[in-house]
Amino acid sequence: TTPTTAPTTPTTTPVPSTTPTSPPTTSAPISTTTVAPPKDWIVHGNDGTVCIIANMKVKVTVPYNATSGKMVNAPFGVEKLTDAAASGDCSPGDVQVLKLTQQNVSYIFTFVQNKTAKTYALGNVTVNILVNNYTFPNNTMSVKNVSLIHVSPVFTLPLNNSYTCSEVDALSFNGTAGTTTVKATVNLSNIRVEAFGTGNTTTYSAPLDCTSGETPDIVPIAVGLILAGLVVIVLIAYLVGRRRAQARGYLSM
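Residues 1 to 253, numbered by this note's numbering, are exactly what the sequence shown covers, in order.
Please keep in mind that the hints were generated in silico from the structure rather than gathered at the bench. Please note that the accuracy of each hint is not assured.
Under the rule of at most 16 Å between Cα atoms (straight-line distance), these lysine to aspartate or glutamate pairs were calculated in the EDC-like manner [as the list claims (entries may be wrong)]:
1. Lys99 - Asp169
2. Lys39 - Asp89
3. Lys118 - Asp94
4. Lys59 - Glu167
5. Lys80 - Asp40
6. Lys183 - Asp209
7. Lys39 - Asp83
8. Lys80 - Asp169
9. Lys59 - Asp209
10. Lys57 - Asp89
11. Lys115 - Asp94
12. Lys70 - Glu167
13. Lys59 - Asp83
14. Lys99 - Asp83
15. Lys59 - Glu79
16. Lys183 - Glu167
17. Lys57 - Asp83
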């Protein structure tokens, strides 16, 4: 018998894929927008107008009794715009309010308008402080809040003008903590403020500096002395001239 040989199956070589490989996708860079820091505190009226623009530093010093039996000064203040959040009230009328709020302290600036004189003033300033061991360490107070107020106008100027001052004289504040009278000192510096605005711009109107309207006491005194001296000189010259005229009259006789 003749042996039979199984047919050989030819081997197939795999054909390389011709599908093109897509390049890896690159994510577009994420753009970030830097928000400019605020330049001023702004209060808007109900109609959207910018009624109050302000920028200032506030320093408050409140003396209190500590558990040690000693008087201690508690400092508070606003050094920069981001230290306090601004809000306010610009309802129609003659009063507008700027309120600066911190975690434990609020500062309220009340502006009053005089339509007849066409002026406005910072009529009073109020400081409210929560009493706790952070604001008044080791205090002996039994109240939860101290309210201080300065009721005299701080400045007055014509409408449509802004007020500037490098430093206002220290303001005396009075208040109460329960039945205890509290006195404090408030210093305002680097002030730029305008109230009763009627436009939509956040640009200040023409500034009036706190030193522009002040005249040192020595100036009127010096002017008065000079005028008095001139009067004396004129009087002496008149008397001398009169005596000479009289003497000439006697000689001619």
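Given the hint that Lys99 pairs with Asp169, does the C-alpha gap stay at or below 16 Å? 21 Å, violated
For a C-alpha distance cap of 16 Å, please report whether Lys80 and Asp169 respect it. 20 Å, violated
Quickly compare the C-alpha distance for Lys59 and Asp83 to 16 Å and report which way the hint goes. 12 Å, holds
Taking 16 Å as the top limit, are the C-alpha atoms of Lys80 and Asp40 close enough? With Cα atoms ~10 Å apart, Lys80 and Asp40 stay inside 16 Å; holds.
Take a quick look at whether Lys59 and Glu79 sit within 16 Å of each other, Cα to Cα. 8 Å, holds
Compare the distance between the alpha carbons of Lys57 and Asp89 with 16 Å, and conclude whether the hinted pair is satisfied. The hint is violated at about 21 Å.
Given pair status - Glu167, Lys183, alpha carbons within 16 Å: Given pair Lys183, Glu167 is violated - Cα atoms ~21 Å apart, limit 16 Å.
Between Lys118 and Asp94, is the straight-line Cα distance small enough, at 16 Å or below? 11 Å, holds
Tell me if the straight-line CA distance from Lys115 to Asp94 falls inside 16 Å. Distance ~8 Å between Lys115 and Asp94 Cα, so the pair holds.
Pair hint outcome, Lys59 versus Glu167 [Cα-Cα no greater than 16 Å]: 11 Å, holds
Given hint Asp83 paired with Lys99 - CA-CA distance at most 16 Å: 13 Å, holds
Can the restraint linking Lys39 and Asp83 be considered satisfied, given a maximum Cα separation of 16 Å? Within the cut-off at roughly 13 Å; holds.
Hints 1, 2, 6, 8, 9, 10, 12 and 16, counting from the list given before, are not met by this structure.
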